[in-house]
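There are 2 protein chains.
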Amino acid sequence: MTPLPTTLDSELRSLLGDGWRTDESERLTYAFDNSRRQALPDAVALPTTREQVVGLVRACRAARVPVIARGRGTNTTGAAVPVAGGVVVSFERMNRILDIRPGDRCAVVEPGVLNGDLQAALKPHGLFWPPDPTSAGYSSVGGNLACNAGGPRAVKYGATRDNVLALTAVTGTGDLIHCGTATTKGATGYDLQRLLVGSEGTLALIVEASLRLTPSPQSRRALRAIYRDVSSAAQAVARLMAQPVTPSMLEFMDADAVRLARDVGGADLPRDAGALLMIEADGDAQTLPHDIEALMRAADGEGLVSLDDAADEATREKLWAARKALSPSLRTLAPGKINEDVVVPVSRIPQLVDGVHALSREFDLPIVCFGHAGNGNLHVNLLYHPDDDAQSARAHAAMARVFALTLSLGGTLSGEHGIGLAKREFMPQAIDAPTLAMMRAVKAAFDPDGILNPGKLLPD
Amino acid sequence: MTPLPTTLDSELRSLLGDGWRTDESERLTYAFDNSRRQALPDAVALPTTREQVVGLVRACRAARVPVIARGRGTNTTGAAVPVAGGVVVSFERMNRILDIRPGDRCAVVEPGVLNGDLQAALKPHGLFWPPDPTSAGYSSVGGNLACNAGGPRAVKYGATRDNVLALTAVTGTGDLIHCGTATTKGATGYDLQRLLVGSEGTLALIVEASLRLTPSPQSRRALRAIYRDVSSAAQAVARLMAQPVTPSMLEFMDADAVRLARDVGGADLPRDAGALLMIEADGDAQTLPHDIEALMRAADGEGLVSLDDAADEATREKLWAARKALSPSLRTLAPGKINEDVVVPVSRIPQLVDGVHALSREFDLPIVCFGHAGNGNLHVNLLYHPDDDAQSARAHAAMARVFALTLSLGGTLSGEHGIGLAKREFMPQAIDAPTLAMMRAVKAAFDPDGILNPGKLLPD
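Sequence lines, in order, name chains F and A.
Residue numbers for the first sequence follow this note's numbering, beginning at 5 and rising by one.
Residue numbers for the second sequence follow this note's numbering, beginning at 5 and rising by one.
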């Protein structure tokens, strides 16, 4: 790694003052993300204004120094790791909620606001912002935007991209652009704001977002459906999604996930579940019972073993706690984990899960599947011992086959985690050459010198 | 207009056979759209396969001849008028529904399928595709995609852009690209498919679309709320949109629109209405009464004159018929009409309508407002005598002021009609120079030689 040019260092120090850090301990703090990969940046910037971001990008562009936007680093793909060095721009100081307009169902925020803090501020207005990744309490809105974060509620309320009205951003040329309008409809020019969502900091740095809000439902109720096998559960998912009452969550666990939720997570679950669906509806007190009835009718069918209405909040919470504990509890099976979040059309879930279990046998490694079935978005967790070279190699070979299987079923590499470093090499399998070339051309239009988050999302 | 190069003519004749037309009567048929503007193309192509579209674009690119995609020409902005000559590509022969997958809530179609034909095919599956422009019976899905068409249902179900999963398209370089995946969630690379929606044929020609479907509600019910004045009605709109039951339609009429609906459209409406809201909810028989109650509570408030539940379908249909007849009935006021579809945040509707009425007085011209209030998307109809030069000039000056007013209220030029030729000159007021430059760079990435629908959307 080459050190920053001295002139750039002093220029940015005078631009950012206390928000410019070059000592190694600070740089180490911003070297990694939740992917457990790491690379030391040359400096860390903590801007407080959009003008500072513009100045920083222009200065870095002139010196051809990489600029890596960062929220709170909760992403799992390495998208925030500065693999080519350069300046990490952490938005932790641009964390103001600028406006909440309940009548317009709109909130205007800086990118560093935590998702959880925003939800708390919206609560008194009877509104919420739908994206609810597991990290919601400590991930930033800017990070959610960069990754197009989802979560269980996406089945009813959409992912991040579906819940944004307008963005203000700084491109790779240091130009401040205004994309979209704070209206729920628009047909004025190209839709640049949805293009920026999910672009992982490779096209522009978002400095302000107008978010689309949804009125909070008054109440919710959960069902727990246990099926003889995966295929029966998957057919229930298709039935649930083909009728008019869209569940507010529709989560799937395979038999291994159920076992872990019971043995490690402490959930009260039977020993013989072939698969489990957690089905939730939300609404008001009058309509909810009818919606739950409709969901119960759709959940019922061939292979259903039991269907319970978790009527009280404590039972519901306990089941969700076990679901949330699944990810960490996987480490009890093996210390190494590859967690991918492939997505397929809902009707293809049985083939995906069956195929993954066949790969588990072929490669002699545990693979546990659970996730957001209503979107066909499954977390495929491949477990192995990282110190065992043969196991590591098998794990990575098996994951490549999981991707190939997903693509053969009309699905794609990622439903909500993104590409980052982790899946970049698989992009040419998922996206054909002319389309990848088009993405590269779009990248060049926003960032002609390639300074924004180099080495991410698009393959070399 | 220069005639087509002879070599191009013969190349495309052999590529398209009977689907290549150069006689003047055929060219005249494709010279105009619903904007009433017209310009003669040099030729008309009626492709039946994507391979023909690829071949055509490549040949036209080599000869630097414009290519103008066309659905059924129902748009009102001139977006399909070949102002620079060239080849109009009408997708009327690529009109197959390729697949309907109810469990995936997905339909795969060619662009020439009529919206109405698609809805009829979906009905037996209990599904529908949400975009419902007034032209739905005779406009094509490809045209809906090109314009990001909306309609009254968009308030609950979103506009076209919100209801697309994947697109296959031919860029200005004649490359076939595949954008998006037929899954309801995705975080794999840049979101090119939403960028193509609403781009009015200036970035690529869509040759296949995977559409996101929604289960059909079992029933619907409508309310008619009459208010003392526009401000009371607009405040009711904000209340209606801030509570959890989202109406399936929320339409607004100002006093002049109510009068026209009564006197010309034959609707049973009072003489003293200051403003009217048509509020509709859909759902199943059990939940609908509760939803209607919630909407009635929200509609009630300061300035409400009457609130009627159009319980029977005949009453409901009669009111909608009067609403749909509004646009043609405007011609009874004056033969010339400028119909714009500006959009503002919902809370700004009172200022917009008050401001428009002030402009009506200032310019001494009738202006009638109605439209999709739940999205803040109002159709502002400016009426004048086109043969009267002074009136024409005043009408155009007033419309420029309507746009300026809209922008000052945080809104934008178009909610669902698009830009085309009609609003192109106003784009620099709506979109700042760096953002317009970014849009031009995106255009250049897709269409480096500028052959796709030149003279549209972006200003010179």
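Calculated from the structure, these hints are not laboratory results.
Since the model is a prediction, treat every value here as computed from it, not as a measurement.
Among the clues, some could well be false.
Because identical chains share one entry, a pair is satisfied inside a single copy or across any pair of copies.
As the list claims (entries may be wrong) - Capping the alpha-carbon separation at 35 Å, the derived lysine-lysine pairs in DSBU-like fashion look like this: (1) Lys447 with Lys127; (2) Lys447 with Lys341; (3) Lys322 with Lys447; (4) Lys160 with Lys328.
Structure-inconsistent hints, enumerated in ascending order = 1, 3
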